[in-house]
Amino acid sequence: MKKIRVLILRTAGTNCDYETQSAFELCGAIAERVHINTLIERKDKIFEYDILAFPGGFSYGDDIASGKILANEVKNKLGDEVKKYALSGRPIIGICNGFQVLVKIGLLPDPELFKQISTLSYNDSDKFECRWVYLKTEKKIKNESSCIWTKNLPDIISLPVAHGEGKFIPMNEKFLDNLNKNNQIVFRYSLKDGSEPEYPLAPNGSTEQIAGICNKKGNIFGLMPHPERYVFALQHPAREGFNSKYGWGKVIFQNAVNFVS
Amino acid sequence: MKCTARCETIKILNLSDEELFELSRKNVLSMSLEEMRVIQNYFKKLKREPTDVEIETIAQTWSEHCKHKTLTGAVEYTEEKDGEKTKRTYNNLLGETIFKASVELDKPWCLSIFKDNAGIIEFDSENGVAFKVETHNHPSALEPYGGSATGVGGVIRDILGVGLGAKPLASTDVFCFGDPDIEISKVPEGVHHPKRIIKGVVSGVRDYGNRIGIPTVNGTVYFDDGYISNPLVYCGTMGIIPKNKIDKKIESGDLVLVVGGKTGRDGIHGATFSSIQLDKESDVSAVQIGNPIIEKKVLDTMIKARDLNLYRAVTDCGAGGLSSAVGELGEKTGAVVYLDKVPLKYNGLCPWEIWISEAQERMVFAVPPRNIEKIIEIFEKENVEAVCIGEFTDDKKLTLMYDNDIVASMDMEFLHNGVPKPIKSAFYKMKEEKVQKPVEMSSFEVSNSLNSLLADLNICSKEWIVRQYDHEVQGQTVIKPLQGNNIEISGPGDAAVIFPYTVVKGTKKGIVLSNGLNPQYGKINPYNMAASAIEESLRNAVAVGADIRRISILDNFCWGNPNHPEILGSLVQAMEACYDISKAFEVPFISGKDSLHNEYSINGKKYSIPSTLLISAMGIIENVENTVTMSLKKDGNKIFVLGITRNELGGSVFSKIRNIEGGIVPGVYHRESKDIMEKIYSAMSENLIEACHDCSEGGIVVAVSEMAFSANKGVKVDIDAIKIYSYLEERCRSGREMTPAEILFSESNGRFIVEVEPDNEEKFKKILDGSIFSEVGYVSDDKEVIFESKKNNVKIRQNSEILLNSWRNTINW
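Chains Y and U supply the protein sequences, listed in that same order.
Under the numbering used here, the first residue of the first sequence carries the number 35, and numbering increases by one thereafter.
Under the numbering used here, the first residue of the second sequence carries the number 2, and numbering increases by one thereafter.
Every clue listed holds true.
Where chain U lies over chain Y, by a calculated footprint (3+ residues, C-beta under 8 Å):
hint	segment
1	68-74
2	186-197
Beta-carbon label-pair distances, calculated as ranges:
hint	chain 1	residue 1	chain 2	residue 2	range
3	Y	Ser278	U	Ser453	40 to 46 Å
4	U	Gly96	Y	Lys79	54 to 60 Å
5	Y	Arg76	U	Lys281	56 to 62 Å
6	U	Glu127	Y	Asp114	39 to 45 Å
7	Y	Asp227	U	Lys767	41 to 47 Å
8	Y	Ser122	U	Glu381	29 to 35 Å
9	Y	Asp227	U	Glu190	51 to 57 Å
10	Y	Lys79	U	Val388	29 to 35 Å
11	Y	Glu82	U	Arg550	47 to 53 Å
12	U	Gly254	Y	Ile64	40 to 46 Å
13	U	Val388	Y	Ile64	34 to 40 Å
Quick caveat, the hints were computed from the structure, so don't treat them as lab data.
In this text, a Cβ means the ideal position worked out from N, Cα and C, and glycines have one as well.
Next up, chain Y with everything else stripped away, as it sits in the complex (with noise of 0.2 Å):
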């Protein structure tokens, strides 16, 4: 069987690039860190890989905002080979920072507009934290939606989140409203039973509790939890997980392994 390759994009700052490519490796698959630098020399290298990964970190410091540097930087230098490979369905996960950067490029949550049209912002604590949260994917979206990175979880999961930039705010509410048609939110703060939260397991104060979305056809995701944080139960605080072993964080990288396999 031929094997997958994954690239992880990294530059100054990226921190989040070894665990991100040991939960690839878990999953079976060929996972490369790659510098941009690297990628800028020649940039069809791109389309060696099967799947795209955005790392979290602080890249370049988070200097003017959190992702825009790189943001700019890939949008400049490598702007038409991503967004071809963006449409051309193959998977792209940005975590963390990396959504930062998703979003920020406009890959998320439009990759045809390719224009950014959401933000992730300050936390309403105004400070960084460091905890885990509760996601919640609804029934019905998990049925609808075409997500490829999110299937197989049960309705609710725990994640560590690290973040001082985490606040989802869209550009408006007609994107808001698309977002809920299209089933493009897929993961939202809650609690464990369900409900909405409350600071702190709302951890940042994003419009209606949004924690990860997708594109419409389900090939792009972001999140600010840290699913690599979580690929053994080990990770989790209690120790939860699944086949008393594995985090659920696992899941959502072996769904693009498999999406791809």
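Use these hints to put chain U onto chain Y, whose structure you have.
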């Protein structure tokens, strides 16, 4: 010697003693008269005046900060006990205490101790783990944000600069501050208010640590008004390194490559200024400016270059800047450096400023000429500046050039070994400790004290700080700083465990990090403070699952001015305890650091910090799946107290809040304690323990409450079942029984609270056979935390949610 316009000659050959001393003071050289005289004589022999570059180089190299003259120097020590004086002379205080213990223990798994930027122990057959804790006190007092941020950056570079470079895996940060609620009028002139310092320091650690992507997983915050004008900021980092990358070597002809940040005027005189007392004139320009992203880029690229074997040695630019880094690497060979080639942030720096600037994020490499192009390419490919500034020679001299002029030329031997060894006197008078008057309290008063203790600054939740740090980046933090059974509620963990699965593929092993610190004890008994700090650090590590046979420790002494015999005397006491306890537990020291002169002077008044010893422990865990957290797991499980409770309230948090006079400082009874630690590990290896918590500040009552409220459960404890030691025992002799309050609040060392399932009880007891322990109660489903003594008719009943709120509302800004 010819000098450029930018380099001056300093006339010292004909100076009088007074003039020599004034020169040292005026230029922040921090050198003693004796040292100035040695320099004068050296240049008399050379028959010339020194340049400013030379004087500054010597000052940095000889500074207390770099040379640790007090700790490695001679001490005439006098001890007074019951009116009798005994004397002892140390030729090398460190060498005859801490270092001696490690040499005598001679553990084969200690791979590199006390010689590199960090200590290294064995992780597995392929890898070692390195650990270092530094202090960044003076900078954090003047500029809290920049001071703590560069403290983090600095210690990370120690890990990058150990051997041929380790990959950092986790950080630990310990702070000592004044009371954040103190009235501003009580803060000495020229000092920042504690709350401002705290917020600045926490933000600095957060922004540096989070950005560079190294999880801050462990720490302590300690409050005492003795730290108002002189806060302490300890920053530590642990990293992993292949065993075949531990040795450095330099060959003549290797090139000097400086990598990373540019050099600027920030951090001039950092090394020397941290070796003297602070006052309101202290210069903020001595504090460096940090940039974590530059350091991250250096980390990313240098590990690549390391694995391609492109260099022979590396070290970081820390205190003393290039002067220390090149000086250390070239000590045996000699080196020539072209200062005009050093990349600068801006123009206008004099040669001596370039040479001693402590600008951040710089590493110095020794690169064989054949590899130079390749290594520079690796750095430049990821936008990291790498410039060749000189080479290692074979003339055993340090030669500095600027614009083709020689601006310094000195023998390495003089520079590194020329510093005269001071002889300092130390004096310590043993204080008599007496058991306090019986502490009789009603059930109601004990209940109130429990809530006050949980809310006390030194016990309360530090969640406000912990959650600002990304303690889970890298995904390897499997025992977290805050622990609970769900994600809503958590209590204070004893230690953190890192599971380095992304670096060592397929491993089951983990690395535990913990610490011990209790300056309050030191005010009464510095020996037992040090002993307790070591024991506490071990206890914390053992509580999560560490094997006492595979733990190593670091010392960090922060003391006042060592020129006062009493202050140095308490240091001698603490160091003797380090020797004794390290030997007794067979736990070696692998590295350490001291920061003396923590004193602030204003209007003729001097404020000195309490003598403070931080012990940081690092251990190897065979199987991370066997580790446990501190929160109670299941209703009906049994609660055991392991270890003996003695009447030891001296220096306790309880004594402080109740203003109790007297009391005996907790001692360390190593046989009992080591035995229990070994047995806990055996029991955990068989998965017989559900939860385990170290019993320290606040005593049993606080430890049990924390285990209960972090699980949102209840617990019932029979006070009469707790094993207490005979009241006739030598040290704690009182001629009376302990009262229930004394049993509950005593801070005796060597104790653990352990939760065991009824089914495992027999096996557990069998393992513990021969040790002192007792079953004291059980986990209940009603959320009521109950402590009862039928004998004394005392019953404390508290709701665990109320206790949780007491604990977590103190620091919530």
